[in-house]
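Chemist: One line per chain: the protein sequences are Z and G, in this order.
Heads up: the first sequence begins at 0 in numbering that gives the first Met the number 0, then just goes up one per residue.
Heads up: the second sequence begins at 0 in numbering that gives the first Met the number 0, then just goes up one per residue.
If you are wondering where the hints come from, they were derived from the structure by calculation, not from laboratory data.
Quick list of in silico lysine-lysine cross-link-like pairs, DSSO-like style, CA-CA up to 27 angstroms:
| hint | chain 1 | residue 1 | chain 2 | residue 2 |
| --- | --- | --- | --- | --- |
| 1 | G | Lys256 | G | Lys294 |
| 2 | G | Lys93 | Z | Lys92 |
| 3 | Z | Lys93 | G | Lys93 |
| 4 | G | Lys385 | Z | Lys41 |
| 5 | G | Lys284 | G | Lys480 |
| 6 | Z | Lys39 | G | Lys390 |
| 7 | G | Lys385 | G | Lys294 |
| 8 | G | Lys284 | G | Lys264 |
| 9 | G | Lys256 | G | Lys284 |
| 10 | G | Lys379 | G | Lys390 |
| 11 | G | Lys294 | G | Lys277 |
| 12 | G | Lys264 | G | Lys385 |
| 13 | G | Lys458 | G | Lys284 |
| 14 | G | Lys256 | G | Lys390 |
| 15 | G | Lys264 | Z | Lys41 |
| 16 | Z | Lys39 | G | Lys379 |
| 17 | G | Lys413 | Z | Lys39 |
| 18 | Z | Lys41 | Z | Lys5 |
| 19 | Z | Lys41 | G | Lys390 |
| 20 | G | Lys390 | G | Lys284 |
| 21 | G | Lys413 | Z | Lys23 |
| 22 | Z | Lys39 | G | Lys264 |
| 23 | Z | Lys39 | G | Lys385 |
| 24 | G | Lys409 | G | Lys93 |
| 25 | Z | Lys23 | G | Lys93 |
| 26 | G | Lys93 | Z | Lys90 |
| 27 | G | Lys458 | G | Lys277 |
| 28 | G | Lys256 | G | Lys480 |
| 29 | G | Lys256 | G | Lys458 |
| 30 | G | Lys277 | G | Lys264 |
| 31 | G | Lys379 | Z | Lys41 |
| 32 | G | Lys413 | G | Lys446 |
| 33 | G | Lys413 | G | Lys93 |
| 34 | G | Lys31 | G | Lys480 |
| 35 | G | Lys409 | G | Lys31 |
| 36 | G | Lys277 | G | Lys446 |
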Amino acid sequence: MTITQKDVEHVARLARLSLTAEEKELYRAQLESILGYVEKLKQLDTDNVAPTLHVLPLSNVWRKDKAEPNRLSTPDELLANAPEREGPFFKVKKVIE
Amino acid sequence: MTANSFTASDMADHVRRGEMTAEAATMACLEKIRSSEPEIHAFNETFDDHALEQARAIDQRIAAGENPGRFAGVPIAIKDNLLIRGEHCTCSSKILENYVGTYDATVIKRLRDSGAIFIGHTNLDEFAMGSSTENSAFHTTKNPWDLSRIPGGSSGGSAAAVAARMAPVSLGSDTGGSIRQPAALCGVLGLKPTYGRVSRFGLVAFASSLDQIGPFSTTAKDAALLLQVIAGQDDQDSTSVAENVPDYVAGLGRSLKGLRIGLPKEYFIGGLDPEVEKAVREAVKALESLGAVVKDISLPHTDYCLAVYYILAPSEASSNLSRFDGVRYGYSARESGNLMALYERSRGEGFGPEVKRRIMLGTYALSSGYYDAYYAKAQKVRTLIKEDFDKAFQDVDIIATPTTPTAAFKPGEKVSDPLQMYLSDIFTISCNLAGLPGLSMPCGFTKDRLPIGLQLLGKPFDEATLLSVAHAYEAQHDWNKQIPTARVTA
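Turn these sequences into a full structure, and let the hints guide you.
Modeler: See below:
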């Protein structure tokens, strides 16, 4: 199992993580070691095994479309956590250059 | 007898009967925190004023003849990844350092309605990723039995708070052992309920198919009472199950006569500390003497659990943690030139090393070209692991194992090698992968007087049997009544 510097940079970009040069090398080596350990799963024949996404036999759980006003956050509560706001809006950097 | 030596159940009884005020109970806890906290560092924040306000409101309801609820006046410590409206919720991360909860988690709402008093948010490994609290961005919690050792993790603060009697009970969350492992290392009882038993609404998500919220306590009765309050279906969490919630407290007196206990040979292996093995085997013998029948069993895919977990949990985490974008809440590298730089820098600077490692690992496992080899493969092996348990539970009612391979370790021992740290969860992970209920209770001490934990795993939604076994064991052993005196060993 070989992880290259290029792999790390690709994954960091997908994950939207800026990494320092030292972090890149650290994670390169650690990913290689952890993924090397995980290789042992290949010993098992799972051709006829169904995957478990989660353990409950549930699908399409419905509830009434009814608000609980006392439990809802207010717009002010939500915006109070925003790094930048303008009036009742989150302020976002320009999306289209 | 001071209020600190009361169990939660006793405290609620005293408060309801008017023999102790909720305010006095809360004051006693806050005082204990003031004296012990400088050594232990279990809390990220205590809510002194808000707790006393809550307590006075309970006392007024009692004075007015109202029913104050099952948990009336009981102070409870809450892991700092559960939202309480109006209180900081940091997940011990720099990225949420100033975040204020905008609603009550469902477990918090249910506790509030039952009269509980929230005394503070406890320390954890950042975003619950870790086994020692060393990954907290703020501080490492100390083990109350030996201040030179870690309390376990990720819910290390919640475990240490109960062990040091700073709170009679607390809540934690468990994704791969984060309740049971610190419970074992701190000498308290910790319970991870069946997946779906307790609503996860308001728990900051780590790995959504594995996370569960559960109690820490010193007695099985307190765990039963707390589970009673928080369990049950919730419209806000579509994976909470409409399964009947039995009266856990009333069920505690059950006899162990004929109870079939399985001992899986894969959990008594090289690497297991001989002192831990001895204590666990003696505890199982004690259960046998109470009428239980012990059987040797096999869970053949045990050796693959850690590999499956370290694909699935980081994959789910990498997806869950994508919400931290530096725009809506949390740390923001605002001086970044463009939107992409804002995302990358906010996350790069806001997350700590372990969180970034897991995001990288999960993103890699889910990325194009690798999905089938890692994520899909791990989900299939997860099926084999679950089938091992389904088969075993045809012959036994519960499974007994050590909770951890060793007693509490020292900070720095494992933190530089992620794989070594991950191995400290080797006995607790299967329970989350199979979605089962799991309990750890104290079953002895090493010669250095560090606590040892016995893990009991049950059939889905059969928390009642685990609690009744723990209750029967407690009646004969006083490990859970021993109180740590802060000290440092060599």
